[in-house]
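Student: The chain contents come next:
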Amino acid sequence: MDFKLKALTKSLWVFHAACSPCNNCDIEILDLLTPRHDVERFGIVLVGSIRHADVLLVTGVPNYKTKERLKKLYSQTPQPCLVVAVGNCACGRIMFRESYNSPCNVDEIVPVSLYIPGCPPKPEAIIDGVVKLISKLKTKC
Amino acid sequence: MSHKVIIPIGPYHPLQEEPEFFRLYVEGERVVDIDIVIGYNHRGIEELSEHKHFDQVAFLVERICGICSTSHPFAYVNAMEDLAKIEVPERALYIRTIIAEMERIHSHLLWLGLAGHFIGYNTVWMWAWRYREPILDCFEMICGNRNHYAMMKIGGVRRDIEEQHISFLKKTLDEIAKAVDMFKGAIMDDPVIKARLKGIGVLTKKQAIEWSVVGPTARASGVNIDVRRDDPYGAYDRVSWNVIVEKDGDIFAKTKVRILELYESISIIRQCLDKLPKGEIEAVVKEIPSGEGIGRVEAPRGECFHYVRSDGTNRPIRHKVRAPSYMNVASNKVSAVGGTISDAAITLAAVDPCYCCTERVAVIDKSTDKKIMNGWQLIELSQKKTEIIKKIFSKNK
Chain A
1 MDFKLKALTK SLWVFHAACS PCNNCDIEIL DLLTPRHDVE RFGIVLVGSI RHADVLLVTG
61 VPNYKTKERL KKLYSQTPQP CLVVAVGNCA CGRIMFRESY NSPCNVDEIV PVSLYIPGCP
121 PKPEAIIDGV VKLISKLKTK C
Chain B
1001 MSHKVIIPIG PYHPLQEEPE FFRLYVEGER VVDIDIVIGY NHRGIEELSE HKHFDQVAFL
1061 VERICGICST SHPFAYVNAM EDLAKIEVPE RALYIRTIIA EMERIHSHLL WLGLAGHFIG
1121 YNTVWMWAWR YREPILDCFE MICGNRNHYA MMKIGGVRRD IEEQHISFLK KTLDEIAKAV
1181 DMFKGAIMDD PVIKARLKGI GVLTKKQAIE WSVVGPTARA SGVNIDVRRD DPYGAYDRVS
1241 WNVIVEKDGD IFAKTKVRIL ELYESISIIR QCLDKLPKGE IEAVVKEIPS GEGIGRVEAP
1301 RGECFHYVRS DGTNRPIRHK VRAPSYMNVA SNKVSAVGGT ISDAAITLAA VDPCYCCTER
1361 VAVIDKSTDK KIMNGWQLIE LSQKKTEIIK KIFSKNK
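In the order they appear, the protein sequences are chains A and B. End of the first sequence sits at 141 in the working numbering; the numbers just go up one at a time, nothing left out. End of the second sequence sits at 1397 in the working numbering; the numbers just go up one at a time, nothing left out.
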């Protein structure tokens, strides 16, 4: 297990699951890949399939339709896998808490390792969060 | 018996921002039918809005979409001002127009980048998003946030554009104008992009009217509509600008409309900054009477419509929202059918759907109903086609 965790601290491959967000966190995540921030420098790549991913990035408030999809996605992820909740919606549903189509928080569906609040969080904040996550992983292994 | 294959695209699509699910039915390489499944982004905004008071709703509707995060509140405040007959100060109208046009620039550049990625021009993606950053910096300077500007308020705007911001804004616009010149040259004159986009995903004028498409999608098909001109709001009737209309209806025309609209947006912002009158930025609103009001705004993707009914309390009793992508996404049913699968990714993306609301596509074998491809593979296929065309062009030279 320790060896696998150590491997995770090197280069994170990220799969992005949008659970009915408003797009903004998603755009900021894509923004990270473009020239100003360019997280590919650190080995962070967005991948097209969950089976290649080390990190499951969740944005938005899960609704009844996406809740099942998220569960399925998590069960297909190779373990160990880190789940990162980006944005206020994924961290705690904010103003959508009372919505009839919002059954639960993200962390009630999958175990979340990192919360990045903000509406949307700035790209710098997302990078900072990932750095903290990696340094925490390093202390574990 | 014909051999039909179903290709699913979505819902967890690696690039587009909104979740929607397309099911493409293909025979060989031809797309013969398409199913569009939406609802992955349903958050019950209209119902939530009935539980919030009028001032809070502006923040709620802002979160319908992150890219059009000014269009929705703008349409909402227009509806409220129509309902309560509020006179908005001149300066507020100009500021609203500036913010709305800045949003159009960032949204069109964003689309341009994604379209570039879909046809395998990742350079276009990186460029477009690089030149989009200064606009986000301007937003951050004016409103304190890169997205979700929270500028709209019933009766005016929440923040002023200060004197020291104007020079920075003008400098940024000059930079962006140069970048748009470069894009225009690089995209319009590139033979490969032309071969890839001309005559693909055609939506004729008749079809555009039948499917009630709006915004750049309609204007690229020769339908001359633009809410900014037809039913002026904000300060659009106080500045001079043109509605860009193209005839062809293919993806190249859609790209052209969006690129040329960038120039118009830059010119509108410059005129507004020059004419910006002094004075109050908001009117005092004490009470919302009972009644109903409508607000229309030309969002980057087309007409955004809000209807609000009030019974004299502090909450709306009905709030109806119609976003432009709702009309545009359905038109894929005619524009993508008949084309090849490798063109499907760019055709579906060409209407600039708000994928946060619409993120899913699949290709399915019609005889077996098996899924054979996901969205990612579809983009790869599209990129491969561009590579092949590139090779053909370099051989001919």
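Just to be clear, a hint being listed does not mean it is correct.
Capping the alpha-carbon separation at 27 angstroms, the derived lysine-lysine pairs in DSS-like fashion look like this [stated by the list, open to error]:
hint, chain 1, residue 1, chain 2, residue 2
1, B, K1256, B, K1194
2, B, K1333, A, K65
3, B, K1171, A, K122
4, A, K4, A, K132
5, B, K1275, B, K1085
6, B, K1256, B, K1206
7, B, K1194, B, K1247
8, B, K1384, A, K65
9, B, K1184, B, K1384
10, A, K72, A, K4
11, B, K1171, B, K1205
12, B, K1085, B, K1247
13, B, K1320, A, K67
14, B, K1052, A, K67
15, A, K132, A, K71
16, A, K136, A, K122
17, A, K65, B, K1052
18, A, K122, B, K1170
19, B, K1194, B, K1391
20, B, K1170, B, K1275
21, B, K1333, B, K1256
In case anyone wonders, no lab produced these hints; they're calculated from the structure. On a predicted model such as this, the values are computed, not experimentally measured, just so you know.
Student: Each of the hints needs a verdict: does it hold here or not?
Tutor: Here's how the hints hold up against the structure:
1. K1256(B) to K1194(B): holds (11 angstroms)
2. K1333(B) to K65(A): With Cα atoms ~23 angstroms apart, K1333(B) and K65(A) stay inside 27 angstroms; holds.
3. K1171(B) to K122(A): holds (23 angstroms)
4. K4(A) to K132(A): holds (18 angstroms)
5. K1275(B) to K1085(B): holds (25 angstroms)
6. K1256(B) to K1206(B): Holds - the C-alpha atoms of K1206(B) and K1256(B) are around 20 angstroms apart, at most 27 angstroms.
7. K1194(B) to K1247(B): Distance of about 16 angstroms is within 27 angstroms: holds.
8. K1384(B) to K65(A): violated (33 angstroms)
9. K1184(B) to K1384(B): At roughly 24 angstroms apart (the allowed maximum being 27 angstroms), K1384(B) and K1184(B) satisfy the hint.
10. K72(A) to K4(A): Since the Cα atoms of K72(A) and K4(A) sit roughly 23 angstroms apart, the hinted pair holds (cutoff 27 angstroms).
11. K1171(B) to K1205(B): violated (39 angstroms)
12. K1085(B) to K1247(B): Given pair K1085(B), K1247(B) is violated - Cα atoms ~39 angstroms apart, limit 27 angstroms.
13. K1320(B) to K67(A): holds (26 angstroms)
14. K1052(B) to K67(A): holds (26 angstroms)
15. K132(A) to K71(A): With a Cα-Cα distance of about 26 angstroms, the restraint between K132(A) and K71(A) holds, given a limit of 27 angstroms.
16. K136(A) to K122(A): holds (21 angstroms)
17. K65(A) to K1052(B): Holds. K65(A) to K1052(B) sits at ~25 angstroms (cutoff 27 angstroms).
18. K122(A) to K1170(B): holds (24 angstroms)
19. K1194(B) to K1391(B): At roughly 15 angstroms apart (the allowed maximum being 27 angstroms), K1391(B) and K1194(B) satisfy the hint.
20. K1170(B) to K1275(B): Holds, at about 13 angstroms.
21. K1333(B) to K1256(B): With a Cα-Cα distance of about 22 angstroms, the restraint between K1333(B) and K1256(B) holds, given a limit of 27 angstroms.
Checked against the numbered hints given earlier, this structure breaks hints 8, 11, 12; the rest are met.
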